[in-house]
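Enquirer: Assembly of the complex is requested from the two constituent chains, each provided in isolation within its own frame, with the hints serving as guidance.
Single-letter residue listing:
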Amino acid sequence: MLLVVGATALWLGLTDASLAYVRAALRPALAASGLVLLALAAATLRGAGSAPARPDGRPAGHGHGGRLGAGWLLIVPVLVLLLVAPPALGSFAASRQAPRAGGETGAFPPLPDPVDGAVPLPVSEFVSRALYDERQSLAQARVRVLGFVTPDDGGGYRLARFNVFCCAADAEAYEVAVRGDATPRRADQWLLVEGRWLPEPPLTSVAPSSRRPVLVAEAVTPVRPPADRYEHNLYGI
Amino acid sequence: MTPTEEGGPVSQVESPVRRAGGEPEGRRGGLLDARLLLLLVVVALGSRSLLAGVFDNPALQTWSTIFVSIAIQALPFLVLGVLVSGALAVLVPPGWLARALPRRDAVAVPAAGLAGAVLPGCECASVPVAGRLRAAGVRPAAALAFMLASPAINPVVLVATAVAFPGRPEVVAARFLASLLTSVVVGLVWSRLGRDEWIDRARTRLVKGDTRWQSFSGTVREDFLQAGGWLVVGAMAAATLQAFVPRPLLDAVAGNHLLAALCLGLLAVVLAICSEADAFVAASLRQFPLDTRLVFLVVGPAVDVKLIAMQVGVFGGRFAARFAPLTFVVAVACALLVGRWLL
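Taken in sequence, the protein lines are chains A and B.
One point on numbering: in our numbering, the residue at position 21 of the first sequence is 33, and numbering is uninterrupted.
One point on numbering: in our numbering, the residue at position 328 of the second sequence is 361, and numbering is uninterrupted.
You may find that some hints are simply not true.
[Stated by the list, open to error] Computed footprint of chain B on chain A, listed as stretches where at least three residues anywhere in the stretch have a Cβ under 8 Å from a Cβ of chain B:
hint, segment
1, 25 to 38
2, 79 to 89
3, 121 to 130
4, 137 to 150
Since the hints were derived computationally from the structure, they do not count as laboratory data.
If you're wondering where the values come from, they're calculated on a predicted model, not measured in any experiment.
In this text, a Cβ means the ideal position worked out from N, Cα and C, and glycines have one as well.
Just chain B, with the same shape it has in the complex (with noise of 0.2 Å):
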C-alpha cells in the first residue's frame, strides 16, 4: 500500500481533490448554479399569492408537514455532524487517525464502536463524519462501526431512552449493549467480507484551500451540500411510506413474538424516527413486548429510509445495497439476543 499524501497507507483509488476556490470550470458552473437558485427563490416567493389554493389537496399537505417536518428535526444535527467531520478532515493531520487507531481489525472495530458515544446527536451527525473518517484513512470497518454506534449510544439518547422509560434502567443497558454489539459485529463481518472497492470513493471529495480556515469551510460545505441532499431523499420517502404504514395490521401482529420483532424493526426503517426520540415512541407501543420494542431502539439508529439514503450519498449505491440488509439482520438478532438476556 502505498502511503500518499492526502492521508496514510491507503489503497490506491483515492479520492479527488479540489480546490476550495474552485476551478474556473467548476467555478462557472457554481455561479450558474447560484443564479439559478437565485431565480427559483424569488420566483417561489412572488408566486405565493398567485398559487395560494392550487396545494390545498390534505393528504398533499398532510404529506408535506410530514416531509417538512422530517428535513427540519435532522437540519441542526446535520450541521453539526458535518462542523465535526470537517474539523476532522482539516485538523487532524493526514494519517494520524489511522496510525492513531489498532492496526487489527479486531481491536480496531470494537474501540471505534466505542468512540461512537462521544458525537452526540442523531444519525444525520455520523454518516458525514464516518465519510470523512474512511477518507482520512481509518479502516473503512472501523469508521462504519463509528458510523452504527455513534446514534445509539452517545450521551442524549441513553438519557432520552432512560427518560422515557421511567424505573426501568434494564432498557437503556440492553439499548447501549445491544447497538454496540450491532455495530461490532457488522464491522467485523465487513472486515472480513466487505470490498473496499463497493465504497464510491469519489463521492468524498477532500477539499484544499490556500488556508486552513478556507479547506475546513470549503469541506464543510461539500459535506452539508451532499449529506444535505440525500437526508431529503430519505425524508420524502419516509414521509411517503407513513402514509401507507396499516397501523391496525400492527396491532394485530403484537401477540406472535418473532413477527412482532421483524414489524418492529421494518417500522423503525419506515419512520425514520431521530435516535433522541424513538425512545419515546417505543414506550408508547404497549402492546408489544418489551425485547421487540428493544428491536426498534436497535434498528432504528442503524438503518432507516434516511440513513439508506444519506448512505448512498456519501458511500454509494454498491455499499448502501449490501450495508443495508446486512445492518437490519445483524441488529435484529443482537436485540433479540440481548434483551432475551436483560429484559
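Looking at chain A on its own, in the form it has when it is part of the complex (with noise of 0.2 Å):
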C-alpha cells in the first residue's frame, strides 16, 4: 500500500496535476512524502525478505509487514483520483455558493499597467475593487479578466474563477456578471474576456452582499483553460 500511495504522491508532486487540489507550494512536499513512502515500501519488502526462516520452514518469500486493516482505506483517494479523474472545481460548485464578500474597504492601490490596451486582473480583485474601492480605480479602465462561464437562469452567464488559500476544501467563488456577449456560452467554458466596468457606488459595510459587479464585454476569447485553475490572491483580504 506504501507503495501505491508514494507513487501516487510522488506523481502528484511532480506533474500538474495536482493544481486542481492543493497549491503549487505544496508539490515539492507531495514529490518528498511520495519518495519516504517508496523508501519506505521497499525497506519493509527488503526487511521482511531477509528475516530469519520461520520455524515452519516457509522461506520470507515475497514478504510483506503485514495485514493493512484500516490501511485499505487509503486506496480510495488513489481510486478517485484514477477513475473519476476529479476536475478542477467548476460552474455546478459556483452556481451553489452565495456570493461572499470579500475585500478590505476602503483605498486600493492603482491598478497595474495595462497589457495589450487592457489591464489584465484576476477575477478576485476585479470584484474586490468593484465592490469596495472608494476610489473607483476601476472607472474607465479597460480590463482583461480570465475565468469559467457559470450559466445564469436568465439566459446569460457570469465569468467566474475559485480563489483557494489552503485546497480546493476552502475555495470561494468570486463572480462578474457578463452583459453584452450574446454568444451562447457552455458551462464551464474558459473565456478571456476584455470590457469595461459598469460603475456603481462602492459598498460601505463589508456584510455580504448579493451584488455581482457587471463587466461590459467588447471582445470575448474562448481559451484553454490554464493550468492551474484557480487564483491564489490574497487581496481579498
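Expert: Rendered as C-alpha cells:
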C-alpha cells in the first residue's frame, strides 16, 4: 500500500495534476512524501525478505509487513483520482455558493499597467475593487479577465473563478456578471473577456452582499483552461 | 503499577507487540492483501477508458475534488507526523519520556502543551505522535494536551496567522493563548475525569524488528496505515458535510454574538481545514466579529471531522465519543474568554 500511495504522491508532486486540488507550493512536499513512502515500502520488502526463516520452514518470500487493516481505506483517494479524475471546481460548485463579500473597504493601490490595451486582472481582484474601492480605480479602465462560464437563470452568464487559500476544500467563487456577449456559451467554458466595468457606488459595509459587479464585454475570446484553474489571491483580505 | 519491558510504569493492559517481519499468519495475510491491492490497481488503470463517461455527474465530481484535495493536502503532514512518531517509538528509550516529564499532572500537562510548539504542521501529524507518546508511557492527559496544542501553536501556524491578519499581532497572541489554554484545560479535565480504559490500547501496536531500522520502518508503516486510513474517513465526511453547509444561513447569523460563535465553531469542525490555512479562511469571514473568528481558529485544530476520525483510529471510538465534545466546549469557552480580554 505504501508503494501505491507513495507512487501516487510522487506523481502528483512531479506533474501539474495536483493543481486542481492544492497549491503549487505543496508539490515539493508531495514529491518528498512520495519518495519517503517508496523508500519505506522498499525497506519493508527487503526487511521481511531477510528475516530469519520461520519455524515452519517457509522462506520469507515476497514478504510484506503484515495486514493492512484500516490502511485499506488509503486506496480510496487513489482510486478516485484514477477513475473519477475529478476536475478542478467548476460551474456546479460556483452556482451553489452564495456570493461572498471579499475585500478591504477603503482605498486600493493603483491599477497595474495595461498590457496590449487592457489591464489584466484576476477575477477576485476585479470583484474586490468593483465592490469596495472608494476611489473607483476601475472606472474608465479597459480590463481583461480570465474565468469560466457559470450560466445564469436568465439566459446570460457569469464569469467565475475560484480563489483558494489552502486546498480546494476552502475555495471561494468570485463572479462577474457579463453583459453584451450575445453568443451562447457552455457551462465551464473558459473565456478571456475584455471590457469595462459598469460603475456602481462602493459597498460601505463588509456584510455579505448579493451584488455581482457587471462587466460590459467588448471582446470575448474562448481559451484553453489554464494549468492552474484557481487564483491564489490574498488580495481579498 | 508494574514496570514492563515495553515502557515505564504503565497500567496493566499493554499494547500488543508485533514483529516487524510479521508472524507467518500475518505475513500470509499481508501477502494476500498485497496481491488484492495490486489487482485492484491494475484493474482500475485498465478500466479507465471503459469507465470514461460513468463518473460525469457534476455533484459527484465536485465532491470528489474536495475529498481528494483534503487527502492530498494532508498527506505530507501525515508522513511527517508518522516519521516523528516512529522516531519517538524507536530512538527514545522506553520509559525515558515518562520519567522526564514531571510526575504531577498539574505540571506535566502544561509542559506537554507548551512542548506542542515544536511539532510543525497540521493536526494530521499530531495524532500519531500522541498515540506513540501514550504507548511510550507518557501519561494520557499530557499526551492529549500535546496533541491539542501542537497543531495550533507551532511556528508555521503562528506565522500564517500573522500573515493573514496583517498589522494585528493581538490575533496571533490570542490564538496562541487560547489554544494553549484549551489544551491544558482539556488535559487537566481528562486527568481528573478521564479513565484509562476509554483508550483502546490495542490500536497502537508496538513493532519490534531485528534491527532498530526495522523497528522504525515497521512502526512508521503501522502508524501511516492506521492514521491514513482514518484520515480518509474524515476527508470523506468533510467533503460530504461541505456540500450541505448553508452559507446564506451562516451570513444571517453574523449579528447574534453567541450564536455566531457557536456556528463558526461548528463550521470549523465541518470544514476540516488544515491549521496553517484556516487563518486565511477566518480572515475572509469579515462579517463576523473578531472574537467569534477566534473561536473558528481555536476549534479547528482541536476538533474537526478529520481529527475525530483519526482519533477513533488511534485511540478508539469510546475515547473519541467523549473527547471530541469536551474539546469543542472547552475550545469555544477559552476562545471567547481570551477574545474578550485581548481582542
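Enquirer: Against each hint, give a clear statement of whether it holds in the structure.
Expert: Consistency of the hints with the structure:
Look at the segment 25 to 38 of chain A against chain B: 5 of its residues bring a Cβ nearer than 8 Å to a Cβ of that chain, three or more, so the hint holds. A stretch counts as covered by a chain when three or more of its residues have a beta carbon under 8 Å from one of that chain; for the segment 79 to 89 of chain A and chain B the count is 11, and the coverage holds. Closer than 8 Å: that is the beta-carbon criterion, and the segment 121 to 130 of chain A has 0 residues meeting it against chain B, so the requirement of 3 is violated. For the segment 137 to 150 of chain A, the stated coverage by chain B is violated: 0 residues have a C-beta nearer than 8 Å to a C-beta of that chain, whereas at least 3 were required.
When held up to the earlier numbered hints, the structure conflicts with 3, 4 and fits the remainder.
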